[in-house]
Amino acid sequence: MTACPKSRGLRIALLLALLSCPAWSSQSQAQPGQLHITSVPQGERIVINDSPRTEVTDVTLVVSPGTYKVTVGNCSAQSVQVSSGETKEVHCP
Amino acid sequence: MRSPIVRRIGFYIGAVVFGALVWAGEVHMQNRPQVYGQSISALNPLQEKQLDAFLDMNRLLITLGTTLLGAMGFLLANRPKALSSPRGLWGASASALFVGFSMYYGYRAYEDIVLMLQPPYPSFDLTSSLIAWDRAAHFCTFVLGAFFFADFAFHELSKEEGERDRLPEVPRP
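Protein sequences appear in the order of chains A and B.
Residue numbers for the first sequence follow the working numbering, beginning at 1439 and rising by one.
Residue numbers for the second sequence follow the working numbering, beginning at 141 and rising by one.
Everything labelled a hint here was simulated from the structure, so no lab data went into it.
A virtual CB, placed ideally from N, CA and C, is assigned to each residue, including glycine.
Keep in mind that a hint or two might mislead.
Unchecked claim - Computed spacing ranges between beta-carbons, pair by pair: (1) B:Val146 <-> A:Glu1524: 29 to 37 Å; (2) B:Pro259 <-> A:Asp1496: 20 to 28 Å; (3) A:Thr1525 <-> B:Phe294: 34 to 42 Å; (4) B:Glu251 <-> A:Asp1496: 28 to 36 Å; (5) A:Asn1512 <-> B:Arg199: 45 to 53 Å; (6) A:Glu1524 <-> B:Phe194: 25 to 33 Å; (7) A:Asn1512 <-> B:Gln178: 21 to 29 Å; (8) A:Glu1527 <-> B:Lys189: 29 to 37 Å; (9) B:Gly150 <-> A:Thr1476: 57 to 65 Å; (10) A:Thr1476 <-> B:Trp230: 25 to 33 Å; (11) B:Asn218 <-> A:Asn1487: 26 to 34 Å; (12) A:Gly1481 <-> B:Leu195: 27 to 35 Å.
Kindly produce the complete structure, drawing on both the sequences and the hints.
See the structure below:
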């Protein structure tokens, strides 16, 4: 005995409904923090987690909570932990 | 051969596992460190135009996705039962699935914009990793949905045409 096409379509609709529940429940994101990156002189290039940024110093970037490896110009990389709602300073040199 | 009840239970278990995997993926994507963009106090005129263009495209894709689902429902409801085939239904199912994902990612992209512009740390960067994935997925899944819909519609309509050609002509009085 095989399932009729209509019931198969109904199952697919149920699958979509099931998928949407966890997806929508994961929408609440934590409040971001900030990275205030400065240098002397200004205009140094910024690399965050090995990805080069288009912005140059001095700049304030909005970031999600987490740990970042920040490299400014020729200075060595700094590891910075940013919490929700917090602003962290990164300066070079 | 497995009984319909076993198959049905298997389907629901599969659906729940799939839902859990999607949920885990979402949590992983959200919890990874990501840069939203440069902190701003207000949008400049160029950013306002960018935002308008993005929102227009977002609305257009969601409208097209909804229309595509409606057209598929119409085709499914009005096709002759004798011409039903599993292959056609697979095309329709794949199309519905991808269009469903497209609408979901469209909503997520909208949520990302809301999150970016939210005080106390508003920012705006449509190329940031926060929104780039959702924007790309929104468009690509819609294209896949449209492709499977075209396949389904072509398959169904050509089958119907062939069936009509095979019918004997009624002699005119």
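Checklist entry - In ascending order, which of the hints set out earlier in this document are inconsistent with the structure? => result The structure breaks hints 1, 3, 10, 11; every other hint is satisfied.
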